[in-house]
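For the sequence shown, this note's numbering gives the first residue as 26, with consecutive numbering after it.
Hints are computed from structural coordinates only; laboratory data are not their basis.
Accuracy of the hints is not assured; some may be wrong.
Here are the computed distance ranges between Cβ atoms for each label pair [claimed, not checked]: (1) Ser275 <-> Pro158: 14 to 24 Å; (2) Gln200 <-> Arg75: 18 to 28 Å; (3) Ala228 <-> Ser266: 16 to 26 Å; (4) His100 <-> Arg72: 44 to 54 Å; (5) Ala228 <-> Arg288: 25 to 35 Å.
In silico lysine-lysine, DSBU-like type, Cα no more than 30 Å apart, as pairs [said to hold, decoys possible]: (6) Lys290 <-> Lys279; (7) Lys211 <-> Lys255; (8) Lys28 <-> Lys211; (9) Lys279 <-> Lys28; (10) Lys123 <-> Lys185; (11) Lys185 <-> Lys255; (12) Lys255 <-> Lys279; (13) Lys279 <-> Lys211; (14) Lys290 <-> Lys185.
Just so you know, even glycine gets a beta-carbon here, dropped at the ideal spot from N, CA and C.
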Amino acid sequence: MEKTTIPYGICTLGNDHVYDQIIALLNSIEVMMGADFPVCIFPYDDRIERLTAAIADRPNVQIYQDAESIAYWDHQAQRIWNVHPTAAATWQRVTTDKYHRMGTHRRFCAFDGPFERFVYMDADILLMNDVRPILAQLDQYDWYVYDFQYSDLSHVYDHKNPRLRSVFDADRLAQDIFCSGFYATKRNVFSAAQLDEMWQHLANGEAQILYCMAPDQTILNYWVMRSGIKFYNAAREIPASAATGCCVTSDHFKTVDNIVYDRGKRLTYLHYIGLPSGLFREICAGQNWICAYREVFLHYRYLHDPASRPPFIGEPKYPPSRQSHKQRLISQLKYYKSVLKPTVKLVR
Numbered sequence: 026m027e028k029t030t031i032p033y034g035i036c037t038l039g040n041d042h043v044y045d046q047i048i049a050l051l052n053s054i055e056v057m058m059g060a061d062f063p064v065c066i067f068p069y070d071d072r073i074e075r076l077t078a079a080i081a082d083r084p085n086v087q088i089y090q091d092a093e094s095i096a097y098w099d100h101q102a103q104r105i106w107n108v109h110p111t112a113a114a115t116w117q118r119v120t121t122d123k124y125h126r127m128g129t130h131r132r133f134c135a136f137d138g139p140f141e142r143f144v145y146m147d148a149d150i151l152l153m154n155d156v157r158p159i160l161a162q163l164d165q166y167d168w169y170v171y172d173f174q175y176s177d178l179s180h181v182y183d184h185k186n187p188r189l190r191s192v193f194d195a196d197r198l199a200q201d202i203f204c205s206g207f208y209a210t211k212r213n214v215f216s217a218a219q220l221d222e223m224w225q226h227l228a229n230g231e232a233q234i235l236y237c238m239a240p241d242q243t244i245l246n247y248w249v250m251r252s253g254i255k256f257y258n259a260a261r262e263i264p265a266s267a268a269t270g271c272c273v274t275s276d277h278f279k280t281v282d283n284i285v286y287d288r289g290k291r292l293t294y295l296h297y298i299g300l301p302s303g304l305f306r307e308i309c310a311g312q313n314w315i316c317a318y319r320e321v322f323l324h325y326r327y328l329h330d331p332a333s334r335p336p337f338i339g340e341p342k343y344p345p346s347r348q349s350h351k352q353r354l355i356s357q358l359k360y361y362k363s364v365l366k367p368t369v370k371l372v373r
């Protein structure tokens, strides 16, 4: 039976592990798009109790529950990685799971999900602008992105593999790759026949070009490039004078009324890329950790419940995982000095 679909919406991926980030994202969508704009959360795994409770009073938000669809896209990912020559051995160094970060592939469910057109956004993103103009671009294009991933091929494909440039020419590898954290596309953009044909290419040896440590990102890039659908990257097409960045690694952004700007130009989205989800959980639990654009995140996280915003004590510090060796040493010395006091003399 054909599914009932909604003309457009925003999709994300998450579970209770990224609860605080999902709430911040949902609140930013509400501010930018209105309280009625449709949102679908694809479950990374079964840990969704807090999220389910949190969206009970958000009728515009749903958690995807189509078990058949989830199983179908899990299978699509698994059969790709089953023909990759080195993925299993590589993953054994970092996990005991058969497939590394299998839940990240659940974003593929959007291809037969509730929206005819959709913007996908990772949970570690805050929306900063209206996405309707992006959705309108899908009148002309099949896939829309706005990022600068094309400057770093190494996190999309195995860039040292000699077969890569026989599959895709150098110009496409320099221009058409993208980050899987933010994109817009259409339902059924890839047919079942296309998926089977592309899998056959992978099974015949092309799987070796995939970068297995960014599993969903490399597959999406391969599908878009190998299928030949119409692709548009705003970061390459918009004049440099009008383009903006998107990542918190840029330290020159300015915040005005909780909207972030790049040299006076409003961002489309702010991506807290590279920051672990545990950092945000600890900040929301009251740890006074330094985090890029922390105040923006906290504003949206506690938009509807400002009284629950954690009261930070003392000077903000870098979390141990992000401190340099020197910073960690200084912190340790200060700690030991405070504990041992005058009974032990610390040598500089």
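For each hint, the structure was consulted:
Against the hinted window of 14 to 24 Å, the Cβ-Cβ separation of Ser275 and Pro158 comes to about 22 Å, which satisfies the hint. Between Gln200 and Arg75 the CB atoms are about 41 Å apart, so this pair departs from the stated range of 18 to 28 Å. The beta-carbon spacing between Ala228 and Ser266, approximately 46 Å, falls outside the hinted interval of 16 to 26 Å. Take His100 and Arg72: their Cβ atoms lie about 22 Å apart, and the range 44 to 54 Å is violated.
Remark: the range hint 25 to 35 Å for Ala228 to Arg288 is contradicted by a beta-carbon distance near 47 Å. Our distance criterion of 30 Å between C-alpha atoms is met by Lys290 and Lys279, whose separation comes to about 10 Å. For the hint linking Lys211 to Lys255, the alpha-carbon distance of about 11 Å falls within 30 Å, and the restraint holds. Between Lys28 and Lys211 the CA atoms are separated by roughly 15 Å; this keeps the pair inside 30 Å, and the hint holds.
Between the alpha carbons of Lys279 and Lys28 the distance comes to roughly 43 Å, so the proposed pair goes past 30 Å and is violated. At most 30 Å may separate the alpha-carbon atoms for a hinted pair to count; Lys123 and Lys185 meet this at roughly 25 Å. At roughly 27 Å between alpha-carbon atoms, Lys185 and Lys255 fall within 30 Å of each other, so this suggested pair holds. A distance of roughly 34 Å separates the Cα atoms of Lys255 and Lys279; the hinted pair therefore is violated under the 30 Å criterion.
For a cut-off of 30 Å, the pair hint linking Lys279 to Lys211 is broken: about 33 Å separates their Cα positions. About 37 Å separates the Cα atoms of Lys290 and Lys185, which puts this hinted pair outside 30 Å; it is violated.
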